[in-house]
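K.L.:
Chain order of the listed sequences is A and B. Under our numbering, the first sequence has 169 at position 169, and the numbering climbs by one with no breaks. Under our numbering, the second sequence has 336 at position 106, and the numbering climbs by one with no breaks.
It should be emphasised that the hints constitute simulated quantities derived from the structure, not laboratory data. Values in this document were obtained by computation on a predicted structure and should not be read as measured data. Where hints are given, some of them may not hold.
As the list claims (entries may be wrong) - Think about it this way: if two alpha-carbon atoms lie no more than 25 Å apart in a straight line, the pair counts; the simulated SDA-like pairs of lysine to any residue are:
| id | chain 1 | residue 1 | chain 2 | residue 2 |
| --- | --- | --- | --- | --- |
| 1 | A | LYS97 | B | ALA266 |
| 2 | B | LYS338 | A | VAL108 |
| 3 | A | LYS12 | B | ILE343 |
| 4 | A | LYS43 | A | LYS10 |
Unchecked claim - Computed footprint of chain B on chain A; a stretch qualifies when at least three of its residues, placed anywhere within it, have a C-beta under 8 Å from a C-beta of chain B:
| id | region |
| --- | --- |
| 5 | 2-10 |
| 6 | 17-24 |
| 7 | 64-74 |
Idealized CB from N, CA, C, for every residue including glycine.
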Amino acid sequence: MANVDTLLTKYKVDHPPENVLRLGKLIQGAFASNAQEIASIIKADPALSARVMKVATRGRDIDMDLDSAVARIGVHQITLVVLTELLLHAVTKTFSKMLSLKLEAKEVPNPGGVAVIGCIHFKGQANGRVFLRIPCGAAAAVVPRFLGQELPMEPAELLPDVVGEILNIVGGNFKSNLVDAGLSCALSVPQVDTRSGFHADAGDDEHHLSLSLAAEGIGLFLDLIISSVA
Amino acid sequence: MSKKILTVDDSKMVRMIVTSTFQPYDCVVVGAADGAEGVEVALKERPDVIFLDITMPVLNGIETLAKIRETPEIAEIPVVMLTAESDGQRLGMADQLKVSGYIAKPFKGEQLIELTKGIIPLVLKGAPPSAAPPKPQLPKLPVPNRP
């Protein structure tokens, strides 16, 4: 089989950006490296450093350096934070290219009420699931942007399909990043539901991180749950 | 004569985007919602190009591509993968099954047009025959001087 670079060039598929490759290497080495080595790689990425510090301090104003933060949260939480960065990269890329929406990770008040909720599982050397939750009002604004033209039907009819496809694209990009980082895994078909009262249930042995993103008045919520990483 | 394009994707929205992308051209776009249906529709419609997703129920895109390649009536139809999975493993599998192109989602409609134009001629609807791509001309040979 031809090597990956040759295939990416042959089919004119974008090479993964440098920060994604660096994060992939970090996952590969996370279990073999010591805390100082991990910290030195994380320091090269300001966004990742900020997220590690946030997790280590639990968002409180505590005086702590990055080496201490890495030692404090441990390799499993580091892996979760790195995977979250890969997921964020997949989400922002998808919304930017298909919806011309420049999402940013920020606190978004939960509007409550009914939301379209998608879930996709990945299984293999990395196991877990991703939930994407878009409140119905925001999802209705997303549909025409996704299609790029006037809708031939009511947006509500297309909400589950659109959220499912967005999650499919996000999950596919995320999974590709994992595979290219050496974590072979397969993706499930997205399951989509429209309901209120969502709660992502993580087991005692699982690691869970929630985040929200927004742009132009459209807010959405992500939950990443990691069961295991080989 | 209209060209026929088959889009195999479990997302209705993606099938709609592919259909609207080719609307300005003299094309008929037909759809299928999973791999098994895709093979059925391909056998019935004999499209000129197939756009194929990977993450689908029933038969995934790689299984569908293998099925197409082992079905003599449709084995030679050019297939373009249109999928979010663009890691080395997936690219390698698709390459071995002789795909004509690979578009990674998220994508823009122009990418579909550009790639398709490299596989089949696309003519704008209502364009005069002269708007069609010129037929290849034989090179002009020097006329020998008659005695």
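K.L.:
Work down the list of hints and note, for each, if the structure agrees.
P.N.:
Hint-by-hint comparison with the structure:
Distance restraint check for LYS97 (chain A) and ALA266 (chain B): the Cα-Cα separation of roughly 30 Å exceeds the 25 Å cut-off, and the hinted pair is therefore not satisfied. Among the hinted pairs, LYS338 (chain B) with VAL108 (chain A) is inconsistent with the structure: their alpha-carbon atoms are about 29 Å apart, more than 25 Å. At most 25 Å may separate the alpha-carbon atoms for a hinted pair to count; LYS12 (chain A) and ILE343 (chain B) meet this at roughly 15 Å. The hinted pair formed by LYS43 (chain A) and LYS10 (chain A) fails the criterion: a straight-line CA distance of about 34 Å is larger than 25 Å.
With 6 residues bearing a CB less than 8 Å from a CB of chain B, the region 2-10 of chain A meets the requirement of three and the coverage assertion stands. Counting residues of the region 17-24 of chain A whose beta carbon lies closer than 8 Å to any beta carbon of chain B gives 0, which falls below the threshold of three, so the coverage claim is violated. Residues of the region 64-74 of chain A with a Cβ under 8 Å from some Cβ of chain B number 0, which does not satisfy the need for three, so the listed coverage is violated.
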